[in-house]
Every structure is written in C-alpha cells, then in structure tokens.
Amino acid sequence: MSPIWQQGLITRLLSTAAAWLLGLLWLLPLLFAAWAAFHSSANTARLDLLAPLTLDNFATAWSAAPFARYFLNTALLVTGILVAQFILCTLAAFAFARLPFRGREALFSLVLIQLIVAPDILLVENYRTVKWLGLVDTLPAIALPYLASAFGIFLLRQTFKTIPTELEDAARVEGCGWLGILWRVYVPLAKPIYLAYGLVSVSWHWNNFLWPLIITNSVETRPLTVGLSVFASLDQGIDWSIITAATLMTSGPLLIGFLLFQRQFVQSFIRAGIR
Amino acid sequence: MTYKPQTTITAWLLVMPAVALLGLFTHVPIVGSIIHSFYSTDRPRRPSRFVGFDQYEAMFEDPIFWKALTNNLIYALGSVPFSIAIALAMALFVNERMSGRGFLRLAYFTPTVMPMIAVANIWIFFFTPDYGLIEQISQTLHLPAHNWLGSTNTALFCVTLVAVWKEAGFFMIFYLAALQQIPTDLKEAARLEGASGWAIFSQITFPLLMPTTLFIMINALINAFRVVDHIFVMTGGGPNNATSVLLLRLYEIGFKYFDHGQAAALSVVLLVVLGLIALGQFLLFDRKVHYQ
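Order-wise, the sequence lines are chains A and B.
Note that this note's numbering has the first sequence beginning at 225, numbered continuously upward.
Note that this note's numbering has the second sequence beginning at 16, numbered continuously upward.
Don't take each hint at face value.
[As the list claims (entries may be wrong)] Coverage of chain B stretches by chain A, computed from C-beta distances (three or more under 8 Å per stretch; other residues unrestricted):
{"id": "1", "segment": "241 to 252"}
{"id": "2", "segment": "288 to 295"}
[Said to hold, decoys possible] List time: in silico DSBU-like cross-link candidates among lysine-lysine, alpha-carbon distance up to 30 Å:
{"id": "3", "chain 1": "B", "residue 1": "LYS82", "chain 2": "B", "residue 2": "LYS202"}
{"id": "4", "chain 1": "B", "residue 1": "LYS19", "chain 2": "A", "residue 2": "LYS355"}
{"id": "5", "chain 1": "A", "residue 1": "LYS385", "chain 2": "B", "residue 2": "LYS82"}
{"id": "6", "chain 1": "A", "residue 1": "LYS385", "chain 2": "A", "residue 2": "LYS415"}
Don't read these hints as lab results, they were simulated from the structure.
Glycine included, every Cβ here is placed at the ideal spot set by N, Cα and C.
Work out the full structure, taking the sequences as your base and the hints as a guide.
Listed below in structure tokens is the structure:
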C-alpha cells in the first residue's frame, strides 16, 4: 500500500487532468468558431496553423445585413429594460420588505408565480395584449412583459430585509421620508446586488430570442439575436466563415465584457444565485 | 397585527406599477389561456364560440402533440441529470486549489454568456454532413458517414448535447456558491480521521449540497420546458418532428397556423407541466429555505 500522501498526489494529478480535459472540451467549439471567423473559408477546413488571418469575414457580414441598427436596437432594449426593472423592482421590493400592509403576503405569493411561469410561455396571449395596446413591432413591446421582474423583486426584497432598521430610524430622525430613506439608505447598501442583478438582466435580454422574433418584423426594431437568425437563415450561399463571424460579432460585447470583468461577473452570478 | 392606513396607502402606491405590469403580462394571460382554450378560433365569418373540451380533444388526437411532449420529456430527462452531474464536477474542480483554475472557470462559464442563437449557429457546423467537424473526424477514423441533425435517430440527441454544453457552466455557479459555504473544518476533521477523498465527498460534501442540487434540478426542469431557441435554428423541429418540443409547437400553432384556440389549449398543457414542477418543488423541500 502506498503512503497516504502519494495517493493524494495521484488523485490530485488525475483530477487536474480531468479538469483540463473538460475545460478544453468546453472551449473547443468556441476556439473552432474563432478559427473559422478569422480565416478565409478556403483555409477553414484545413487546420493549417500558419494560414493567414483575415478580418474579411467580419467586413462581409457587417455589410451584408444592418448589424449596426441591430446593435443599436439591442443596446436600447437592454438599457431600457434595466432602468425600468431597477425602478419598479426597488419600489416594490422595499414595500414587500419593510412596510406592513394588508394583503402583503398574498400579493407577494402572486408575484412569485412569475418565477415559474415566465412570459415566454404566455406569448400567444401577450401578443394579443400588445396588439390591443397598438405596440406591435416596437421596442417597448419587446420590453413590456419583462419590466416587472419577480426575480428582481425577490432578490432585492431579500437584500433589503438584511439591512438593520436602526439605519432607517437614523435617517428618519434627520427628516427623510420613505423615498429619501430608500434612496439614501437602502439603495446604496444594496449596490452589489444591483450589479449582480444588472449583469444577469443584461445578458439575459441580450440573448432573448423567441418573444422578440414574434413581436418584431422590421429592421428598425429587430434585436441582434433575431437579426442574426434572419441573416443565417438566408439561403444565398453565405458560407460558414461569414456566419461564424456574424455570430461572434453579435456575442462580442457580452464576451468581451465577460472576459474583462470575469471575477465580478462570476461573483455576481453567485450572489444572485444563492438567494 | 394592526395596519396603519397611511402605510398601506404608501405600500400599495409603491408596489402598484410592478404589480400592474405583472398582472397584465403574467396573471391575466394565464387566466386568458384557460378561458380561450374552451373557445373555437376566431375565423372570418366564423366567430369564436364556446366549444367545451373540443380543443383539448383535437390536441390529444394530434400525433405531433404527443411527439412534442415525448421529445420534451426525453430532452428534460437527458439534459437535466447530465448538466447537473457535469456542473458538480466543474464546481469541485474549480473549488480546489488547482493550477489554472481561473482559466478553467472561464472555460466552463463562457458558453453561458453567449446567446443560444449564436451557440446554435456554431454547433450546426459541427453536425453538418460531409464537411462538418464531427464528420471530418469520423472520416479520418473511417467510420460510416452520418447526417447527425438530418436523421430522426440522432437529431434529438444533438440538440440535447448542445443544451448540456450551454447550461452546465451556469449550474456550476450555484454549486460553487454552495461549496464556499461548507465549513472547511468539517472536511479537515474527516481527513484527520483518515477518510478518503471519495468518503469525504459522498459522506459530507454531497449531502450538504443536496438543497442546491434540488434547487438546480427545479430550475433545469423549468428551463427544459422553455427550450426553443437553438432547436428553432438547428432543426426547426425536424426532421419529421423528431426535435419538436412543446414551446416550438406552440409557436407554430400560434404564429404559423394562427389557430389561437389550439394554442391556448397547448399553453394550458405547458402551464400544467410547470405547475407540476412547482408542486414537486413545494413537496420536495421546505419553502422557507429559499423563499424567506
């Protein structure tokens, strides 16, 4: 029998090897996509490491579809949703966390239903509502079903509940009203949660597809995901290198943001996840 | 408990905007789906009328509905356990003091930040007949050619595989969060007693992770019945409905055939499935753990 430390070493080596194998396996599709996007299509199939790099695929994709407009639409969309979610969820979460009022528990249970029944399931009825409001094919229509987020209300309520009431009392002595207390005490103390929720929200809505696909039908309103699917499904002999370039381009800002702020990103997801 | 009228008014004013929007886009449509599922679809010169359970009967007679439901169950049973198992392995790897763990965490998590549409576009190429990556590898190994996405035998497997790749890194995060909360002295005590790595995992770590596993499982199940994006791009539900799932079918019925009565009935089926998952969650673990 080998000594304990030797067994430990072997286990450690094995698990490191397994971890790296899994990591490479997970990265492989992305590396291959990057390879294809930065090489001419003639060189994509042959995995020649010395093949010349090119940005032509990106240029072709960029000029073949109105990606600039799609980027603008997505940027406006995720910003609008984020701002509205912050305001709506903060107000509601504060009332649910700190104001005793008749019907609070029942109302909160109703809010939580959205955690299970997400708006995507209800798209037929929601389309009817949006049509009734006369908002079909507009950016607000894409955002509307997601503005009041049960997840956001839940997350902020949890956070607000952990903030000591003494701080609130001190602010009240200095003459703050409810909104003043919320703005001066609660919001600043919940900053990390806002960051976490913001990152989750932006990446979620940047990536959302089915509802925007249904509710938009013009270049002026289409977000990137829908634009990309329209672009990739056009049967006009667009080769894979160009589609891959377009694909990486549309995920680019999120990927770069993620690489730059990796630690905050993962920490934020952890923070949003454990509650 | 007594309520001050002043506070009640303030509170209702604060929750009103969020509650009104939630009601309009979640609760009203839930009730609306149920009501509309008992009416015929509004057609020119044949206005909608009450038809009882006719929509449900028509749906249950539709073989594609059963195909989509079965596919969705297979997809859920295939993707959920595998993505959870891989997520746990990833979290255990990254939680250790291992060389290059920052890089590994990055590698595991990156698919999560990408749009499913983008992921699908990348993976399509791997499965492409003749010149796709998988075909090139199998050609080198002199294996017979196979159309992975075009064959009814393998298409569902392929889209499930893509989902596991995309979601495992996301679930890893939850495990990572839970692992960081496990007190290290527990493991150290076990190690001093001479417990092996496997014993520590199976007797200490895994049981302590149980609430997290259940939490992830519920979320993964809900996601499995909301899946549509990559299937839409990769196969469109084909070949011959081999990858059709409930939400994709709902999209087709509602927005290609414009049969709103059928769509409402199918929405109710999805609501029932999600309701059952929620009930399972309620019965499986103390609600207080996650909702108080």
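Hint-by-hint comparison with the structure:
1. Only residues whose beta carbon comes within less than 8 Å of a beta carbon in chain A count, and the segment 241 to 252 of chain B has 5; three or more means the coverage holds.
2. With a cut-off of 8 Å between beta carbons, the segment 288 to 295 of chain B has 4 residues touching chain A; three or more are needed, and the interface restraint holds.
3. Of the supplied pair hints, the one linking LYS82/B and LYS202/B is violated, its CA atoms being roughly 48 Å apart against a limit of 30 Å.
4. A threshold of 30 Å between alpha carbons decides the hint, and for LYS19/B with LYS355/A the separation of about 41 Å lies outside it, so the pair is violated.
5. Annotation: proposed proximity of LYS385/A to LYS82/B is violated, straight-line Cα distance about 47 Å (limit 30 Å).
6. Straight-line distance between C-alpha atoms of LYS385/A and LYS415/A comes to about 14 Å, which keeps the hinted pair within the 30 Å bound.
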